[in-house]
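Quick mapping for you: the protein sequence lines, in order, are chains B, Z, S and L. Position one of the first sequence corresponds to residue 1 (our numbering), numbered consecutively onward. Position one of the second sequence corresponds to residue 1001 (our numbering), numbered consecutively onward. Position one of the third sequence corresponds to residue 2001 (our numbering), numbered consecutively onward. Position one of the fourth sequence corresponds to residue 3001 (our numbering), numbered consecutively onward.
I should point out that these hints are in silico values taken from the structure, not numbers from a laboratory. Note that this is a predicted model, so its numbers are computed, not measured. A hint or two may mislead.
Calculated cross-link-like contacts (lysine to aspartate or glutamate; reagent style DMTMM-like; alpha-carbon spacing at most 20 Å) [claimed, not checked]:
hint, chain 1, residue 1, chain 2, residue 2
1, L, K3044, L, E3033
2, S, K2205, L, D3246
3, S, K2205, L, E3033
4, S, K2205, L, D3028
Which residues of chain Z face chain S? A few of them, derived with a C-beta cut under 10 Å, are [claimed, not checked]:
hint, residue
5, V1026
6, Y1028
7, Y1054
8, G1194
9, A1196
Cβ coordinates follow ideal geometry from the N, Cα and C atoms, glycine included.
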Amino acid sequence: MANRLRTIEAVRGTLRDEMARDDSIVVYGQDVGRNGGVFRATQGLIDEYPNRVYDSPVAEAGIIGLGVGLAAYGLKPVPEIEFAGFTYQAFHQIQQHVARLRSRTRGEFHCQMTIRAPFGGGIRALEHHSESFEAGYAHVPGLKVVVPSTPADTKGLLTASIRDPDPVIFLEPTRLYRSIREPVPEEDHVVPLGEADVVREGEDVTVVAWGAMRHRVLGLVDDVDASVEVIDPRTIAPLDTDAILDSVRKTGRCVVVHEAPRTAGMAAEITARINDRALLYLEAPVQRVTGYDVPYPLFARESAYEPDDDRIRAGIERALEF
Amino acid sequence: MANRLRTIEAVRGTLRDEMARDDSIVVYGQDVGRNGGVFRATQGLIDEYPNRVYDSPVAEAGIIGLGVGLAAYGLKPVPEIEFAGFTYQAFHQIQQHVARLRSRTRGEFHCQMTIRAPFGGGIRALEHHSESFEAGYAHVPGLKVVVPSTPADTKGLLTASIRDPDPVIFLEPTRLYRSIREPVPEEDHVVPLGEADVVREGEDVTVVAWGAMRHRVLGLVDDVDASVEVIDPRTIAPLDTDAILDSVRKTGRCVVVHEAPRTAGMAAEITARINDRALLYLEAPVQRVTGYDVPYPLFARESAYEPDDDRIRAGIERALEF
Amino acid sequence: MPRETAVDFAIDRVQVLAPDGSVDEELDPDLPEDRLLGLYRTMKLSRRLDERAIALQRRGELGTYAPAIGQEAAQVGSAGALSESDWMVTSFRETPAYLTRGTPPHVLLWYAMGMEEGAAVPRETRNMPPSVPVGSQALHAAGLGWAQEIRDEDAATIGYFGDGATSEGDVYEALNLAGVYSSHAVFFCQNNQYAISVPREKQTKAETLAQKAISAGIEGVQVDGNDVLGTYAVTRDALESARGGDPVLVEALTYRRSLHTTADDPSVYRLEEEEAEWEARDPIERFEAYLRDRGALSDERIAEIEASIEDELAEEIERAKEGAQRIDPADMFEYVYATAPPELERQRADFGGESDGE
Amino acid sequence: MPRETAVDFAIDRVQVLAPDGSVDEELDPDLPEDRLLGLYRTMKLSRRLDERAIALQRRGELGTYAPAIGQEAAQVGSAGALSESDWMVTSFRETPAYLTRGTPPHVLLWYAMGMEEGAAVPRETRNMPPSVPVGSQALHAAGLGWAQEIRDEDAATIGYFGDGATSEGDVYEALNLAGVYSSHAVFFCQNNQYAISVPREKQTKAETLAQKAISAGIEGVQVDGNDVLGTYAVTRDALESARGGDPVLVEALTYRRSLHTTADDPSVYRLEEEEAEWEARDPIERFEAYLRDRGALSDERIAEIEASIEDELAEEIERAKEGAQRIDPADMFEYVYATAPPELERQRADFGGESDGE
Ligand SMILES: Cc1ncc(C[n+]2csc(CCOP(=O)(O)OP(=O)(O)O)c2C)c(N)n1
Ligand SMILES: Cc1ncc(C[n+]2csc(CCOP(=O)(O)OP(=O)(O)O)c2C)c(N)n1
Ligand SMILES: [Mg+2]
Ligand SMILES: [Mg+2]
């Protein structure tokens, strides 16, 4: 059985299902109660679980730090940070405690926490509301970093994240919350963390993209005069390196697309992993089609900042024509 | 004229010189006053400049946030964060304000701030005192990230940083504070940001390393049965890409060594830049010899964590023998 | 000593112009009539700008907009107490405060149009640009005030934030550091009773927000935030104290009468009765009644002021739209650093189509 | 209302056992003699462990170590008031508190030997591992106490931190959130007068640290931190309050008689006279005098206790050293995740020499 759902509905349904399944889950964050979250991801939950859904004061470090305590106690916190750009306020708690609780205690403690946050640009949002810092989090050992791109994957990945004994930064592309609707399995649906999705098979060039960029890529590859393989890693950390390498070994060409700034972004890591283990298969440099190394601009300039169809197409062409 | 100085003395001397030169410089941070800093980098300054040197409460976000105000006013804050691992407490101020003040105001304001912090491992320090997050900061547009590796460069780079109109994260390798002594020019000495140092010329393989790793590399290359070029980028952002590419175009082989965890670290970025513009020159995959993707362990395990001679040598050999 | 009182504190509450129109003689700032009319006009201008902005947003001409409707007395009274040499540090809902300090409406509209031009507040005006990360700017106010202390300047800094912001570590650190460094800062907390949907009572168990000052050993005071004479008088005194190195936290009790932003729907989380209660306490109406009472305003004069506001806004909106036509996205590369490093130049060239490689 | 008091507050200070040996009858927790002797022994054990640890560090056998000398009453009294079902959250200077809760010395030594084994505090003991980032752990205490509230448990959580920590945003957020969520938390601030070299007066302008509680609308109280009966009694009451959902901040007035850590040299920043003053107020001596007075201790008994402590420590140090011999650095790959992902497995293999590629 499957219902046609939007991403935001998939988030909401998954939270509800998991809360029903496991009474140690606690959902909290700014405006997640009566208001149901600024994007309505938690709508209605407080009525069903008044003792497990809480509005939070405006204190991100506090939200995450409290979660460490909840997790140490044995609960499973699923906090929402209102926008990924405000996870920075909690960065120290994430880096020093969330990510390390297991390793620093040799497994005596662990931190089963899923930090949900709206992520990425493209919705004409306010300053700081369009951040993509997945690479920064991928650089912190002990964290898992997940970016779902479809309603069904959202359910599968969020389920897997909440059940994962380790902490997950779950970044939900705001642009996709309401833009796509597709069948989402009604029954238990788990997409294992660390498994990429080969969204479209092809022979000539591999394009790796996640979040909203996955859809932008899919929207144009039909017009490309070549057979394009599209891979959505879904989990940014741990990355499904083998899926990417298998594809690149086949195509010999690769383009990585992301919204985050280029320098020290995930495209660099993916390029480096290809270099490590598939260099000789490369027939062209891996093309990085990314946000520029400028602060994410206010929305009047955002479409100039993010990889658009032209830039992605040009990247694919450069890979093909090298 | 040049005095033989240790790195810590070079820091101290530069701060003193710059404070004498420019009375808008304000030095502050935890224990930087009477105590002269936990590493004694600011020793004596408070006596000379009682109105421009301040002990700070234990509040890193506050220290950096206040600096934004000082800079907006027109002063030049040079705060010390006691260890780089505690810059995380201020990450939001750095990312949201320090890095963006210029771009978000179209240059009406700018943030001339040099954030000094002891950096890196190897001194049997407490937990969280051995962090290397240069890649995380390099991923934030608007920041400059500097890692000096010698006493003379420390003076030259710190002088350049303090005078730079843009914010600089100045990461001082703790391991080098007292381990090396060399002549440091007494007169004005500026090492421009963004210029790498080709520390040693060679023909067969390029090794890129900074901070303490630069010295570890230099300590073993004589024993390598090949001609090794060693490049210290000195500035991590903006990176002197051309210097690295020129070298790799010559040697065809490259090893990047750093203490930070591998995934999404600077070695990935360097590999990607080589891929972008010098792929066809590569005769072997770029070798990343880095910290492992585990939280920096307590000191009983730290020597197993960080790249040691064997691992660096093995990396060079892999590059040579590929 | 077994158990004894170590120290005690009190938080005062101030009101000058009561809802019934009475004025406390002793606290009355005794402003000349043209100043009073100036404050009145700015309050009206702000209200009208907010209304027009909401309408523009609904038509897709602005992005998310945060109106200050209901908070005009809090902001115009407090910003009105600043002198030109004082600095102002704002959050994202300070339209009335910016207008009081002379920032033209089209600049504020630019910010809401998603243009950095709207944050490019001229440095000479001593106004900082808007700050979206809640509470983060309180530290900048503390820092500016510290600079004034270091430079021994006879000036102060006002830092605005909301009730929600008082939960952020940054705000507490700002209060504490301001105390430690004798910063010339006045922290002006507009307690408008909501942080998006979260009511003040869920933000903290503290009875007042002014008492957060006690944690820093600095003075805290409450003022009726819908009383423009009260906010003026309290801020004037606080600024005086701050100029001498004693920072102050002012909590202005007010109400966000409109939406959190144009993306928000308050009907989900609050009652109409409550909104109606606060409508009855509207700050502009209270001030208008007072000005009529003392003969400074008539129907005619009000009509004139309203007409001049309409004219001004029509022009300013036009100017904002014109400016929006002229933006060049390529200039996003311009202001990252004083001088763009080579890699950024490469990206700029790529953006401009000058290069065929990324 | 023109200007009236909106709300007022007081911070109390408590002392049970005065330096002159007198005991306040009303506040005396009336502990049975074996409990008193137990607290006494733990205080002595901790002091001696600190002394041995400093010596071991000087010989290169330990890394940086943070002694709690002078703070034994603050910690042993407060941790002594916990029941087994309560949680404890510590900073990095809580040797006396851990010992009180039954953590064996060799585990504490392991931490100072740079071994994660020293932070692998068994979860069943309801003790959290040490936390180095100043103040960050206060939030964990608030969270554990919140969990106790959510689960409606008749238990509480104590969270330790220092005077310096009260400047960190995390601590204020913890106090505020604890109030909002009725967390079962007792925040126990050891005001030992220094944050490394920075004296308490430069940390905040606040007259007391206990008054930071006022910012959160929760109770704050000062206690003589060198009075073990006082810290016990105040903490016992605070825990009782916390179990009912009313968190409390306790400020214990004490003194860090020794170094900040073995990397520190206090002679640079403080006067010997000050140190001497506090030496005269030593918590162990005060308690010992009291126990002698009531006939619970004699020279002989003290000698016995001291001998048993020497024996215990000799064994524990041996055990710590033995453990240090056995560590396998390769296990750093073990505990990053429940299951190591492939890339990490590759790195582990590389580390183990199983692979020839990085
Ligand atoms: C650090 C941070 N967290 C969350 C947000 C999202 N957010 C925007 S406004 C707001 C509420 C702020 O409430 P308050 O401080 O009372 O100001 P008001 O909106 O009432 O003017 C929140 C949570 C943000 N902008 N910054
Ligand atoms: C977030 C953070 N900043 C700085 C430090 C460095 N540091 C270690 S202890 C200390 C002072 C702490 O003072 P206090 O809270 O009074 O505790 P005490 O050392 O007196 O027990 C500082 C600044 C740290 N460990 N963590
Ligand atoms: Mg509000
Ligand atoms: Mg202390």
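To see whether the hints hold, each was checked on the structure:
1. With a C-alpha separation of about 16 Å, the suggested pair K3044/L and E3033/L falls inside the 20 Å cut-off, and the hint holds.
2. Between K2205/S and D3246/L the CA atoms are separated by roughly 10 Å; this keeps the pair inside 20 Å, and the hint holds.
3. This hinted pair does not check out: K2205/S and E3033/L have alpha carbons roughly 40 Å apart, beyond 20 Å.
4. With a C-alpha separation of about 31 Å, the suggested pairing of K2205/S with D3028/L is violated against the 20 Å cut-off.
5. Taken as an interface hint, V1026/Z checks out: its beta carbon lies about 7 Å from the nearest beta carbon of chain S, inside 10 Å.
6. Of the supplied interface hints, the one on Y1028/Z holds, with its beta-carbon coming within about 9 Å of a beta-carbon of chain S, less than 10 Å.
7. For Y1054/Z, the suggested interface contact is upheld, since its CB lies about 7 Å from the closest CB of chain S, less than 10 Å.
8. Contact between G1194/Z and chain S, as hinted, is supported at the beta carbon level, the nearest pair being about 6 Å apart and thus within 10 Å.
9. The beta carbon of A1196/Z is not positioned within 10 Å of any beta carbon in chain S (closest approach about 12 Å), and the interface hint is therefore violated.
The earlier numbered hints that this structure contradicts are 3, 4 and 9.
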